[in-house]
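J.: Model the full structure from these sequences, guided by the hints.
Now for the letters of each chain:
There are 2 protein chains.
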Amino acid sequence: MVKINVLEKFSLFTEYWSPKIVGELNSQYVKLAKLKGEFVWHKHVHEDELFMVIKGSLTIEFRDKTMIINENEFIIVPQGTEHKPIAEEEVWVLLFEPKGTINTGDTISVFTKEKLEEL
Amino acid sequence: MVKINVLEKFSLFTEYWSPKIVGELNSQYVKLAKLKGEFVWHKHVHEDELFMVIKGSLTIEFRDKTMIINENEFIIVPQGTEHKPIAEEEVWVLLFEPKGTINTGDTISVFTKEKLEEL
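If you read the sequences in order, they're chains A and B. Mapping of the first sequence onto the working numbering: position 105 corresponds to residue 105, and the numbering continues sequentially without gaps. Mapping of the second sequence onto the working numbering: position 111 corresponds to residue 1111, and the numbering continues sequentially without gaps.
None of these hints come from the bench; they were simulated from the model. Since the structure is predicted, the reported quantities are computational estimates derived from the model, not experimental observations. Fair warning: there could be bad hints in the mix.
As the list claims (entries may be wrong) - With a Cα cut of at most 30 Å, we get these calculated DSSO-like pairs of lysine-lysine: (1) B/Lys1065 - A/Lys9; (2) A/Lys99 - A/Lys43; (3) A/Lys99 - B/Lys1020; (4) B/Lys1043 - B/Lys1115; (5) B/Lys1036 - B/Lys1009; (6) B/Lys1065 - B/Lys1003; (7) B/Lys1113 - A/Lys43; (8) B/Lys1099 - A/Lys84; (9) A/Lys55 - B/Lys1036; (10) B/Lys1009 - A/Lys36; (11) A/Lys99 - B/Lys1084; (12) A/Lys65 - B/Lys1084; (13) B/Lys1036 - B/Lys1020; (14) A/Lys84 - B/Lys1115; (15) B/Lys1115 - A/Lys9; (16) A/Lys99 - B/Lys1115; (17) A/Lys43 - B/Lys1065; (18) A/Lys9 - A/Lys20; (19) A/Lys20 - B/Lys1003; (20) A/Lys36 - B/Lys1003; (21) B/Lys1099 - B/Lys1084.
T.: Structure below.
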């Protein structure tokens, strides 16, 4: 059992759109990711996904609206909901989702990461 | 779908040791709690439990060691692990755990909250 310092973990990587695993519990992963630019439209068929913003402002486009998530805020995107994250400036997020979740959901693209690094 | 501002939610209650539900995903709850003083020794037989400290310093006693979790840090207490949270000064924590988790685990006491409020 170790304690995890979130900011320290963020200092260990620089790549964008490449979630790192920093914790596991109840068949879920806690992940950290740095985001910049536009991601792809996708949905997770079976998984709800939590985005908590640690630094910056994250825009998430949905088919019917756009939401902006700021520091100290989180949003839960329900399974089956199409979304497209956009980070105009660099954003740091904490993700909480089931272990099997693929970052691009049902949209295989150059952003797809099949195997995630553990930090 | 709504975004949740964690600090705003903390401003809505003052009770200690009374977790509030602020999110639900994949049969897990996101909860917020204010802690002060000593809690009871307990374990969760089937649930891993994540404590992320939002404000203050949380001490958790285990049978073989003591850990101090500070702001921007989290710890995952594995199922079956006896623990006793202690907050010398007020601490704000975010919890992730399965929906059925009882705050005092297998130790029914005056701290036990069977029904949690949703904020």
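J.: Run the distance test for A/Lys43 versus B/Lys1065: straight-line Cα separation, threshold 30 Å.
T.: Between A/Lys43 and B/Lys1065 the Cα gap is close to 43 Å, so the pair fails against 30 Å, i.e. violated.
J.: Check whether the Cα positions of A/Lys99 and B/Lys1020 lie no farther apart than 30 Å.
T.: holds (25 Å)
J.: Between the alpha carbons of A/Lys84 and B/Lys1115, is the straight-line distance 30 Å or under?
T.: violated (36 Å)
J.: B/Lys1043 and B/Lys1115: Cα distance at most 30 Å?
T.: holds (19 Å)
J.: Quickly compare the C-alpha distance for A/Lys55 and B/Lys1036 to 30 Å and report which way the hint goes.
T.: holds (28 Å)
J.: Can the restraint linking B/Lys1009 and A/Lys36 be considered satisfied, given a maximum Cα separation of 30 Å?
T.: Status holds; Cα separation ~28 Å.
J.: Regarding the pair A/Lys65 and B/Lys1084, is the alpha-carbon distance no greater than 30 Å?
T.: violated (44 Å)
J.: Holds or violated: are the alpha carbons of B/Lys1115 and A/Lys9 at most 30 Å from each other?
T.: Roughly 35 Å between the alpha carbons, so the hint for B/Lys1115 and A/Lys9 is violated.
J.: Going straight from one Cα to the other, do A/Lys99 and B/Lys1115 come out at no more than 30 Å?
T.: With a Cα-Cα distance of about 29 Å, the restraint between A/Lys99 and B/Lys1115 holds, given a limit of 30 Å.
J.: Next pair to validate is B/Lys1036 with B/Lys1009; report whether the Cα-Cα distance is within 30 Å.
T.: holds (18 Å)
J.: Given the hint that B/Lys1113 pairs with A/Lys43, does the C-alpha gap stay at or below 30 Å?
T.: violated (36 Å)
J.: Please work out if B/Lys1065 and B/Lys1003 have their alpha carbons no farther apart than 30 Å.
T.: Violated, at about 37 Å.
In summary, the numbered hints that this structure violates are 6, 7, 12, 14, 15 and 17.
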